[in-house]
Amino acid sequence: MLSFISQFPSSHNEKDGLFQRVKYIDSLFSDEKRVYLDISFFSNFKLKKICIDNISVYQVNFFFHMLFIAKILWKSKVIYVHSIYNSIRILPFYLLKCRRYIITDFHGVVPEELEMMGHKLRAKIYYLIELVVIYGGFRFVFVTKKMKDYYYDSKYSFLRLGNERAIILPIISVNSKYQLGNNKIIDRSFLNNKVAIYAGGFQEWQNISLMVSIAENNLEFKYIFLTPDSERMLSLCKDIVGEYICKSVPPEAVSQYYAESTFGFILRDDCIVNNVACPTKLIEYLFNGVIPIVKNSSIGDFNELGMKYVTQEEMNNAIYFSNEKIISIIESNYIVVSRLNDMMEKGVDALKSVVKMLKVE
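Just so you know, the sequence shown maps onto residues 421 to 781 in this note's numbering.
Honestly, I wouldn't trust all of these hints.
Computed cross-link-like contacts, DSS-like style, restricted to lysine-lysine with a CA-CA straight-line distance of at most 25 angstroms [stated by the list, open to error]:
1) K766 with K453
2) K453 with K772
3) K745 with K766
4) K642 with K779
5) K565 with K491
6) K772 with K728
7) K453 with K745
8) K715 with K658
9) K776 with K745
10) K453 with K779
11) K667 with K715
12) K667 with K614
13) K495 with K776
14) K658 with K443
15) K495 with K565
16) K453 with K468
17) K468 with K497
18) K497 with K772
19) K466 with K495
Don't read these hints as lab results, they were simulated from the structure.
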């Protein structure tokens, strides 16, 4: 049995990048029977089972249903834990014999993210949790090579982790390979349109205030802000930004706004949280022919893969590229998406191979 430690992706959480990842990983095993353990410390006091095709979702409480959780985990051939946040819910199993079955998808560097948000105590707790996961886990899924190198060569180099325990699988919601002659290149009506988009949340590392400041300094642009917290975004833009729209839209509707946009904000600082990340938004920008506007270009593996971009200084100084240059950048970035897709396929093959091996043991 294959068990996932996570909430099940649904219409309620589909805008969250974490659950887009959960949904994608689930699709890799759609022919198999799966179990989702949605474990809460403070809710789910009554055990609830939801059946969806060949998936069983159990909404359980950590304290009230401890024996039930243990029973499911002992019966599972493979346990897939989505993020360090969820690993705390089954932490003892990392130290038991069955730890060899646990695959942990890191998604991001959780302790460092918590530190960045000012949660010092929680960060220290999750550093310890992460150490247990690294020590006892069977396989680790990293979203970038930089993330793998950070854990292996820097943060936990003293553990002498074996490379065979690492799987690099980018967070890529675009499943099709890049095809030469993408519609945005064929239909060049977007050229000469000064339209910049932002599609994302309000996390600390998104630098929303800086984005609004850049928009204020470039009033000749039209701005599209797509965020779950559209009212908050609206309050920041009001009477400051010129022409703009603020909306909250489902993921499948975002592409129509990308089609209208030439540039896209991804204003990450130069810090470890961003340097090892694989933002879904950035991949979507590149695939949809949206040129990134960056504060720091050292985001995940994108520089090494050849990503082209515009800096915030170029925006602020009104330095704009010719149409020919814009087309060249977009075509270069399609190649980056193709390379990412190749990385993803290798990661998928490695993950499926591990799951298959464990299931036959």
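Indices of hints not satisfied (ascending)
3, 4, 5, 6, 7, 9, 14 and 15
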